[in-house]
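Protein chains: 2
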Amino acid sequence: MMALLVRDCDVLRIEDGKTQVDFHRNILIKDNRIESVLPADETNFDFQGEVIEASGLLAIPGLINTHAHVPMVLFRGLAEDVPIEAWFNDYIWPLESNLVAEDVYWGAMLGIAEMIEGGITCFADHYFYMDEVAKAVDESGIRANLAWGFFEHEGVQKLDTVCDFVRRWQGGANGRITTWLGPHAPYTCGPEFLKLCAARAKELNVGIHIHVSETAQQVELSLKQYQKTPVALLADSGVLEVPCIFGHCLYPQPEDVELLRSSQVGVAHAPKTYLKLAMGNVNLEMFLQAGIPVGLATDGVVSSNTLDILEQMRLMALAQKDLSRDSTQFPLGKVLGIAFAGSARVLRMDKELGEILPGRLADIVLVRQDGAHCFPRYDPAATLVYSNRASDVVTVICDGRVLMRDHRLLTIDKALVKKQVAQRLERLSRRSPGVRIATYPT
Amino acid sequence: MMALLVRDCDVLRIEDGKTQVDFHRNILIKDNRIESVLPADETNFDFQGEVIEASGLLAIPGLINTHAHVPMVLFRGLAEDVPIEAWFNDYIWPLESNLVAEDVYWGAMLGIAEMIEGGITCFADHYFYMDEVAKAVDESGIRANLAWGFFEHEGVQKLDTVCDFVRRWQGGANGRITTWLGPHAPYTCGPEFLKLCAARAKELNVGIHIHVSETAQQVELSLKQYQKTPVALLADSGVLEVPCIFGHCLYPQPEDVELLRSSQVGVAHAPKTYLKLAMGNVNLEMFLQAGIPVGLATDGVVSSNTLDILEQMRLMALAQKDLSRDSTQFPLGKVLGIAFAGSARVLRMDKELGEILPGRLADIVLVRQDGAHCFPRYDPAATLVYSNRASDVVTVICDGRVLMRDHRLLTIDKALVKKQVAQRLERLSRRSPGVRIATYPT
Numbered sequence: 001m002m003a004l005l006v007r008d009c010d011v012l013r014i015e016d017g018k019t020q021v022d023f024h025r026n027i028l029i030k031d032n033r034i035e036s037v038l039p040a041d042e043t044n045f046d047f048q049g050e051v052i053e054a055s056g057l058l059a060i061p062g063l064i065n066t067h068a069h070v071p072m073v074l075f076r077g078l079a080e081d082v083p084i085e086a087w088f089n090d091y092i093w094p095l096e097s098n099l100v101a102e103d104v105y106w107g108a109m110l111g112i113a114e115m116i117e118g119g120i121t122c123f124a125d126h127y128f129y130m131d132e133v134a135k136a137v138d139e140s141g142i143r144a145n146l147a148w149g150f151f152e153h154e155g156v157q158k159l160d161t162v163c164d165f166v167r168r169w170q171g172g173a174n175g176r177i178t179t180w181l182g183p184h185a186p187y188t189c190g191p192e193f194l195k196l197c198a199a200r201a202k203e204l205n206v207g208i209h210i211h212v213s214e215t216a217q218q219v220e221l222s223l224k225q226y227q228k229t230p231v232a233l234l235a236d237s238g239v240l241e242v243p244c245i246f247g248h249c250l251y252p253q254p255e256d257v258e259l260l261r262s263s264q265v266g267v268a269h270a271p272k273t274y275l276k277l278a279m280g281n282v283n284l285e286m287f288l289q290a291g292i293p294v295g296l297a298t299d300g301v302v303s304s305n306t307l308d309i310l311e312q313m314r315l316m317a318l319a320q321k322d323l324s325r326d327s328t329q330f331p332l333g334k335v336l337g338i339a340f341a342g343s344a345r346v347l348r349m350d351k352e353l354g355e356i357l358p359g360r361l362a363d364i365v366l367v368r369q370d371g372a373h374c375f376p377r378y379d380p381a382a383t384l385v386y387s388n389r390a391s392d393v394v395t396v397i398c399d400g401r402v403l404m405r406d407h408r409l410l411t412i413d414k415a416l417v418k419k420q421v422a423q424r425l426e427r428l429s430r431r432s433p434g435v436r437i438a439t440y441p442t
Numbered sequence: 443m444m445a446l447l448v449r450d451c452d453v454l455r456i457e458d459g460k461t462q463v464d465f466h467r468n469i470l471i472k473d474n475r476i477e478s479v480l481p482a483d484e485t486n487f488d489f490q491g492e493v494i495e496a497s498g499l500l501a502i503p504g505l506i507n508t509h510a511h512v513p514m515v516l517f518r519g520l521a522e523d524v525p526i527e528a529w530f531n532d533y534i535w536p537l538e539s540n541l542v543a544e545d546v547y548w549g550a551m552l553g554i555a556e557m558i559e560g561g562i563t564c565f566a567d568h569y570f571y572m573d574e575v576a577k578a579v580d581e582s583g584i585r586a587n588l589a590w591g592f593f594e595h596e597g598v599q600k601l602d603t604v605c606d607f608v609r610r611w612q613g614g615a616n617g618r619i620t621t622w623l624g625p626h627a628p629y630t631c632g633p634e635f636l637k638l639c640a641a642r643a644k645e646l647n648v649g650i651h652i653h654v655s656e657t658a659q660q661v662e663l664s665l666k667q668y669q670k671t672p673v674a675l676l677a678d679s680g681v682l683e684v685p686c687i688f689g690h691c692l693y694p695q696p697e698d699v700e701l702l703r704s705s706q707v708g709v710a711h712a713p714k715t716y717l718k719l720a721m722g723n724v725n726l727e728m729f730l731q732a733g734i735p736v737g738l739a740t741d742g743v744v745s746s747n748t749l750d751i752l753e754q755m756r757l758m759a760l761a762q763k764d765l766s767r768d769s770t771q772f773p774l775g776k777v778l779g780i781a782f783a784g785s786a787r788v789l790r791m792d793k794e795l796g797e798i799l800p801g802r803l804a805d806i807v808l809v810r811q812d813g814a815h816c817f818p819r820y821d822p823a824a825t826l827v828y829s830n831r832a833s834d835v836v837t838v839i840c841d842g843r844v845l846m847r848d849h850r851l852l853t854i855d856k857a858l859v860k861k862q863v864a865q866r867l868e869r870l871s872r873r874s875p876g877v878r879i880a881t882y883p884t
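Chains A and B are the protein sequences, given in the same order.
Counting along the first sequence from 1, when you hit position 219 you're at 219 in our numbering, and nothing is skipped either side.
Counting along the second sequence from 1, when you hit position 337 you're at 779 in our numbering, and nothing is skipped either side.
Mixed in with the good hints there might be a few duds.
[To be verified] Capping the alpha-carbon separation at 35 Å, the derived lysine-lysine pairs in DSBU-like fashion look like this:
1. Lys-472(B) - Lys-793(B)
2. Lys-351(A) - Lys-135(A)
3. Lys-860(B) - Lys-18(A)
4. Lys-351(A) - Lys-202(A)
5. Lys-856(B) - Lys-414(A)
6. Lys-418(A) - Lys-460(B)
7. Lys-472(B) - Lys-860(B)
8. Lys-418(A) - Lys-856(B)
9. Lys-856(B) - Lys-18(A)
10. Lys-670(B) - Lys-644(B)
11. Lys-158(A) - Lys-351(A)
12. Lys-419(A) - Lys-460(B)
13. Lys-670(B) - Lys-600(B)
14. Lys-414(A) - Lys-860(B)
15. Lys-414(A) - Lys-460(B)
16. Lys-18(A) - Lys-861(B)
17. Lys-577(B) - Lys-856(B)
18. Lys-793(B) - Lys-856(B)
19. Lys-195(A) - Lys-351(A)
20. Lys-135(A) - Lys-158(A)
[Stated by the list, open to error] Covered by chain B, per the in silico footprint, the following chain A stretches (three or more residues, Cβ under 8 Å):
21. 82-96
22. 313-320
23. 324-332
24. 381-387
[To be verified] Here are some of the chain B residues that sit facing chain A, going by a computed Cβ distance under 10 Å:
25. Lys-763
26. Arg-767
27. Ala-864
To be clear, the hints were calculated from the coordinates, so they are not data collected in a lab.
We treat Cβ as the ideally placed atom computed from N, Cα and C, and that holds for glycine.
Pulled out of the complex, with its shape left as it was, chain A reads as follows:
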């Protein structure tokens, strides 16, 4: 049995929507689970194992990224200041036609390095060549929910190969990998095809991760074409009968809310993308009051530029206060409740993740709060939400294993990853006229 002791940290908790810090705690980890969280001066035991000295560091649950396209880091910064239609049709989808499997492996490794450095221990990914991402997850020690993204135009044969991926990697990497199905979106997958996806998901006993109602125009097109909102279309296709992550869902219609609630769809919220692509935003209070799970996400870096959940958390809080024109909205406890327990709920892992408690999976992040930009620290929760940066993450533990210690990655050779990525850039950044993996309807 592996044992790990995090000594004398301060543990952040959310209780009844309020933030609470338990100062000077020892966290004992056995194998991949938290064994105990006790006052540091009360735990005087004979410990045999690895010790992490954490005096003055804030311990938080490992951050969860509920919707990403991690290997897109390969294209970071290639589509700035463009409208959303051009973003898809003239940039991303042409660029993605350059990808081969090995590119995706190195992209995944680079993105996972960035995520671990920023305190992310679990991510839900939606991309292509997902065996490569699974391999990167396995090797790097991070946790993931993986969905191979596909379009209807790729046919049923593609769905078959994607189902093979689901079976191949379900429970992989010592249980750190979960696999779901990832039909791209209702605007690239029609109702009959979605029915087929739902049937397959039920057979496989897995969930579906999909993009839904990202723009008002998508909702309008759906109403025009199918006389249904995208959410209603998904309900009628049986998709909502399995666990779901809906990426974005910025334009839920009033009739959608009950559908989302009753099937406990998880909404993945990535505000940096919404602001940058000027997509508008959703008042999250609508979801929260209906009891719909909401979590934080980074989306892909071609829209958000970083895989940084602390940044997305801050943007969510700022944008929601702005949207409601009420600075008392989205107080610290609510913001952190979404980041921790909310994101775990979106992944249907709220019994395992999102809190530092005995019995939970040992995904724990230690954060410095003594930098000049964090000082004084009257309130560690305020410091975390409004002052801390990803670079303040010191040490990252996932599934009981230390992935980063004192800012040093232990499972990824970052220099090698960067070298491998650099070699591919010239080929990957070319856009051939007319070549793209799909077409965004306008």
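Assemble chain B onto chain A, guided by the hints.
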């Protein structure tokens, strides 16, 4: 003569609103000015002086913070999730009644440490006990425009002492300090008192730094009380006849725009405060199209939590794209133009600061762009605006002197500053019933 060579950096420039990077440049600094910027392979001279190896680092003009209350760092995190009226009347103004001069000195040192670490080389401050801030500026080597904030209720005697401060420190710290007058706002200083301020500013040949039209309600109150907008009231009081920095100016009325343009008022824009306090926002395009100078600001950390211009720059870009619902608005060149040249114009220093050019003051910041969160770097400007964090600032030069080298502050003993601040927190964080330095009208 002091000489400093920054060897083999990449220099970011804005030309006709477009970003441009000159790779592999040597920047030669003599005393406090830039002597030359030449291709690294063309400068083969016999150099006697200090050399900074900067291969792979991006050189940008020192960042400028056009409106701050730096010593407020002492209260960081003490007023979260509150409405703006309570923010003033129940938190900030009661808390500020605890301040003595020495507190302000240590607060200024802490805030300056944070700013230098984040690449800020010049700030416009509006606070109290400004001799202490001036002392901190002098010792730390940063550049500043300092205004002692005051209210009408403190009387003409106060104005006299503030004018003495202006004379005492004008051109101080080897010319790095500029002093202006700082009447607090039109809602705390009436028209007659503002006339007196304008007259004094003219006598002293200095500008005025003031809070203007921060909320819609302030404009309504002004219209009700004086039948004039705050901007018109300032114009009629003669304030616009001297150089001005207007903090915030979120609610300019149509008739204000020509007044702002013709007097070239500088607008200091601090979006993190606006979002967090749910104050609404202003479409900056209105100012820019009229030719009104716009610069970036941090405001005080009790609203913005950090003194981080990179963060404010990113928030400005994101919030302006969102506000216009057009992702092509505020492209990289415009965003960086505001951060560099725009901010310099707000301070009326655009002939001295805001560009890395021969003859300019040598305020230069070197930024890493090779972190996992910045990689790959197809476009250094996109990386700077959307990926870089304050912690990526490596080396900071102000007035030809190195203030931070390889992340290490050279002029500030950060441990001592934190110790001094820590000793004061218990006293400073108390709020005595009914005691406050001023009252916010509601």
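Here is what the structure says about each hint:
| no. | hint | in the structure |
| --- | --- | --- |
| 1 | Lys-472(B) - Lys-793(B) | holds (18 Å) |
| 2 | Lys-351(A) - Lys-135(A) | holds (26 Å) |
| 3 | Lys-860(B) - Lys-18(A) | holds (28 Å) |
| 4 | Lys-351(A) - Lys-202(A) | holds (22 Å) |
| 5 | Lys-856(B) - Lys-414(A) | holds (31 Å) |
| 6 | Lys-418(A) - Lys-460(B) | holds (28 Å) |
| 7 | Lys-472(B) - Lys-860(B) | holds (34 Å) |
| 8 | Lys-418(A) - Lys-856(B) | holds (34 Å) |
| 9 | Lys-856(B) - Lys-18(A) | holds (33 Å) |
| 10 | Lys-670(B) - Lys-644(B) | holds (23 Å) |
| 11 | Lys-158(A) - Lys-351(A) | holds (33 Å) |
| 12 | Lys-419(A) - Lys-460(B) | holds (30 Å) |
| 13 | Lys-670(B) - Lys-600(B) | holds (27 Å) |
| 14 | Lys-414(A) - Lys-860(B) | holds (34 Å) |
| 15 | Lys-414(A) - Lys-460(B) | holds (33 Å) |
| 16 | Lys-18(A) - Lys-861(B) | holds (30 Å) |
| 17 | Lys-577(B) - Lys-856(B) | holds (16 Å) |
| 18 | Lys-793(B) - Lys-856(B) | holds (33 Å) |
| 19 | Lys-195(A) - Lys-351(A) | holds (30 Å) |
| 20 | Lys-135(A) - Lys-158(A) | holds (20 Å) |
| 21 | 82-96 | holds (count 4) |
| 22 | 313-320 | holds (count 4) |
| 23 | 324-332 | holds (count 9) |
| 24 | 381-387 | holds (count 4) |
| 25 | Lys-763 | holds (5 Å) |
| 26 | Arg-767 | holds (5 Å) |
| 27 | Ala-864 | holds (7 Å) |
This entry satisfies every hint, going by the numbered hints stated previously.
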